[in-house]
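Novice: Let the hints inform the model, and build the full structure from the sequences given.
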Amino acid sequence: MAETGTRTTLEYGYGGNERLVMNMGPQHPSAHGVFRMILTLEGETIVAVEPIIGYLHRCHEKLGESLTYVQYPTIASKTDYVSAMTAELTYVRAAEQLGQIEVPQRAQHLRVLVAELQRVASHLLWLGTWCMDMGGAMGGGATLFLYCFREREAILDLFEALTGARLLYGFHQIGGTRYDLPAGWAERCRETVAQVETRLLEYEAMLEANTIFLVRTQGVGVISPELAQEVGVAGPLIRGSGIAWDLRRAEPYSSYEEFTFDVPVETTGDCYARYRVRMQEFRESIRIVRQVLDGLPAGPISSRPGVKSVGQVKLPKGETYARVEGPRGEVGIYLVSDGATKPYRMKWRGASFSNLAVVGHILPGHKVADAVAILGSVDPVFGEVDR
Amino acid sequence: MTDVLWTVLPPFLLLNGILVFIAYLTLLERKVAARLQSRVGPYRVGRPHGWLQPIADALKLMLKEDIVPSAADRPVYNLAPIVFLVPAFLMYAAIPFAPALALADLRIGLLFVLAVSSLEVVGLFMCGWGSNNKYALLSAMRAVNQIISYEVPFILVALVPVVLVGSLRLQDLVAAQDPWWLVTYPVIGQLAFVAFVVVSLASENRIPFDIVEAESELVAGFRVEYSGMKFALIQLAEFTHLFGVACLGTLLFLGGWLGPGPAGLGPAWFLLKAIALFVLIVWIRWSFVRIRVDQILALSWKVLLPAALALLLAAAVVVVVRGGGGA
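If you read the sequences in order, they're chains A and B. For the first sequence, this note's numbering assigns the number 24 to the initial residue and increments by one for each residue that follows. For the second sequence, this note's numbering assigns the number 5 to the initial residue and increments by one for each residue that follows.
Just so you know, the hints here were simulated from the structure itself, not pulled from any lab data. Built from N, CA and C at the ideal position, the CB exists for glycine as well. Treat the hints with care, since some could be wrong.
Stated by the list, open to error - Straight line, CA to CA, 27 Å or less: simulated DSS-like cross-link-like pairs of lysine-lysine:
1) Lys306/B - Lys390/A
2) Lys370/A - Lys337/A
3) Lys138/B - Lys390/A
To be verified - Here are some of the chain B residues that sit facing chain A, going by a computed Cβ distance under 8 Å:
4) Leu40
5) Gln41
6) Arg43
7) Lys138
8) Ile215
9) Val223
10) Trp290
11) Ser291
Specialist: Here it is as C-alpha cells:
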C-alpha cells in the first residue's frame, strides 16, 4: 500500500518509469454497472489499481429503518436486482428469526424452489456478460450473451407466471410466501430446466473446446485460499479457490437439509475455476428444483395472513443476523428491533461488496484485457455493492 | 476528350461499385450474425429483410454532428480517416475480377496489393494519436504492434503461391490454377490457405484478434472519439480492406474467376468466392472470444512466422524437385 495524497492504491513491484493513469468507468462497457477503477499502467500491464464504488448508493439501510417489516421485502429485492428472490429471502428470514415466526413446510419448499431458479437465472446473466467482457459486444461474446439471455428469459417467464413480475418479485412475506404455484406451472418449470440443462452442454462445448477461451481464463486472476479467507469472499469465488463453504450445506435454512446436492469445488482459484464452479452449480440447482417439484408438500403457504396494513407485523425487542447463500455468496442482514413495526437498525452484508474487495489484490500484474475478465469472473452486482 | 473519359470512367465506376457493394456487405454481415445468434437482424427498414438498412445507416451517419474533441490534434484527427480509407480503395486498382477486367494489370500486382494494404496502419495510428484519448492511444499502440507483427507472416504466406507459380502477376497466378485451385494442392495448399485466413484475420483486426477495437476494454479503441461521417469513413475503410483481403485470398488460393460455365461468368464466380471467404471470416468473428495482446504477439512470432517460413521453404523445395515453375 502506498499513500498518494488522499488516495490509497495497491501497488505491485515494478521497475519502469513510464506510467499511464487510465480511468475505467463508471461509464464503461465492462463496468458491470457503475464501477470505477483508476488503473496505473506500465505499457499494458496494470501496476496499481484504485477501485471506487458508491455511484449507485440509495441509502438502503436507512430505507430499512423507515419502512415497516411488511413494506421492506419488496424494496430488499432492489439491492441485488439480478437475484431478487434471495435478497427478499434474507430479509424475511431475519424478521422471522427475530419474531420466532413459524414458516409452513410448503412455503419452505417454495422458497428453495425460487431461490434455485433464481440462481440459474443469475448465473446465466453472469455467463453472458462475462463472455461479452472477453469477446466483445461485436463478436463471439455477444453471441453467447444472447444465447444466455434466451434461456434466462424462459426462467423470468416462469417468475412472471408465479408473481406477475419479471425482475423484482415481492414473492416472500414474513411467515411464508405470497403466492402459490399456478396450475400447470410445475410442468412448465420442468420443461424449462430440462432445456437449460441441454443448452448448458452447448455452451460448454462452445467455450471449453476453444483454446482462446482457455488461455484467456486459465491462470488468470488467481485467488489463493489464504487471500480468499482473509478478504472474506464467498460463494463461487471461495469455492473456486478450493474451500468448500456453502451456507446451504454449512448452516441449512428453509429446509435445504432435506435435499441432496453437491457443493462443487475447484482448487486452482483462477477465472476458469470460478467458471467451472458456476457451471456445475447450474446442474446442482436444477437437481434441487426437480427434487422440490417431486416432493412438494401440501398445506398452507404462509403462517400469517396476507398483507392488510403496513403495520401488521410487530417484532419483539432484540437483534439477530440471518444469512442465505445467494448466487454470489453470503447475503446477510443484521436486524435490530426496538419492538416497533419498523426495525431500529438494519445492516446488509452484500455478497458482491465483499467479493469485489478481492479485485484490488489480484489485478496488479495483469494486462488491461485481464482486468475486465477478472472483474467479470467476480460477478459483482452494483446495486448490492453500493446499496 | 474520349481519352480522358476512358481514363476517368472505369475508376469512377469501380469506386462507386465498391462503395455500394461494401454497404451491402455490412447488411450481409449483420444478417449472418443475426442468424448465428438466433435473431432476425435488420428487417424494418426496407421490407423484406431490411434491404434499405445500409442506406439508412449512411444517411444517419451523414446527418450526425461532427464532433472534434477540443484537445485533439486537429489536422491529424481530420486527415486520419482519409489516410485510412485511401489505401483500402487503392488495393482494388490491381485486383483482376476476370482475365482482362482490372484497372491496372501490373507485373508486380501482388506486391502492389500487399504494399498498399499495409499502409492502413498509418491511418490507424493517426486516428489513435490525433484523438488525444488514452483509450485511443493504447489501441493505436496495440495496432502498430499487431499489424507489424502480422504483416510479416501475411506476406510470407502470400508468397507461397508466388513461389509455386513463378509470377507476381495476379492474372498469371489465377491462370496457373486452372483446373486445380491452389487450395487443393497437396498439403502445402491447404496449410497455406489456413495460415492465410488466420493471418488475415489478425492483420484485419477481426475477432479473435480485434484487440485494437476491444470495446469491452478500450471502449472502441482508436475510433472512440470519432462520430458522424468520419466514423462512417473508418467503418467503410475497415470493410473495404477486409473484402480486399478476401479478394486476395480468392485470387491466391481459390482460383479467382475460374469456375464452370461460360467465361462471362468469371466475375460472378470471383465475387461468389470472395463473399464465401468473407462469410467464413464473419462466422469466426461471431463465435470466438478475444485473445490478449501478449498472446497475440506470441502467436505471431512463435507460431505463425516459423510456420509461414516452413511453408515457403517447402514450396521452394517442391519447385526445385519438380523443376521449373519458380522464377
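Novice: Minimum Cβ distance from Ser291/B to chain A below 8 Å?
Specialist: Status holds, d = 5 Å.
Novice: With a cut-off of 8 Å, does the beta carbon of Lys138/B approach a beta carbon of chain A closely enough for the hint to hold?
Specialist: Lys138/B check passes; min Cβ-Cβ to chain A is 5 Å, inside 8 Å.
Novice: Given a cut of 8 Å on the nearest C-beta pair, is the interface hint for Arg43/B held or broken against chain A?
Specialist: With a closest approach of 7 Å, the Arg43/B hint holds.
Novice: Closer than 8 Å between Cβ atoms is the bar; does Leu40/B clear it against chain A? Give me holds or violated.
Specialist: Holds - the Cβ of Leu40/B comes within 8 Å of chain A, reaching about 6 Å at its closest.
Novice: How about Gln41/B: closest beta carbon in chain A under 8 Å, or not?
Specialist: 4 Å, holds
Novice: Should the interface hint for Val223/B be scored as holding, given a Cβ-Cβ cut-off of 8 Å against chain A?
Specialist: Holds, because the Cβ-Cβ distance from Val223/B to chain A comes to roughly 6 Å (cut-off 8 Å).
Novice: With the threshold set at 27 Å, check whether the alpha-carbon distance from Lys306/B to Lys390/A stays at or below it.
Specialist: With a Cα-Cα distance of about 20 Å, the restraint between Lys306/B and Lys390/A holds, given a limit of 27 Å.
Novice: Regarding the hint that Ile215/B lies at the interface with chain A, is the smallest CB-CB distance below 8 Å?
Specialist: 7 Å, holds
Novice: Would you check the hint for Lys138/B and Lys390/A, treating anything up to 27 Å between C-alpha atoms as holding?
Specialist: 15 Å, holds
Novice: Is the hinted pair Lys370/A and Lys337/A satisfied, with a Cα-Cα distance of at most 27 Å?
Specialist: 19 Å, holds
Novice: Should the hint that Trp290/B touches chain A count as held when the rule is a Cβ pair under 8 Å?
Specialist: Constraint on Trp290/B satisfied, holds at 5 Å.
No hint from the list above goes unmet by this structure.
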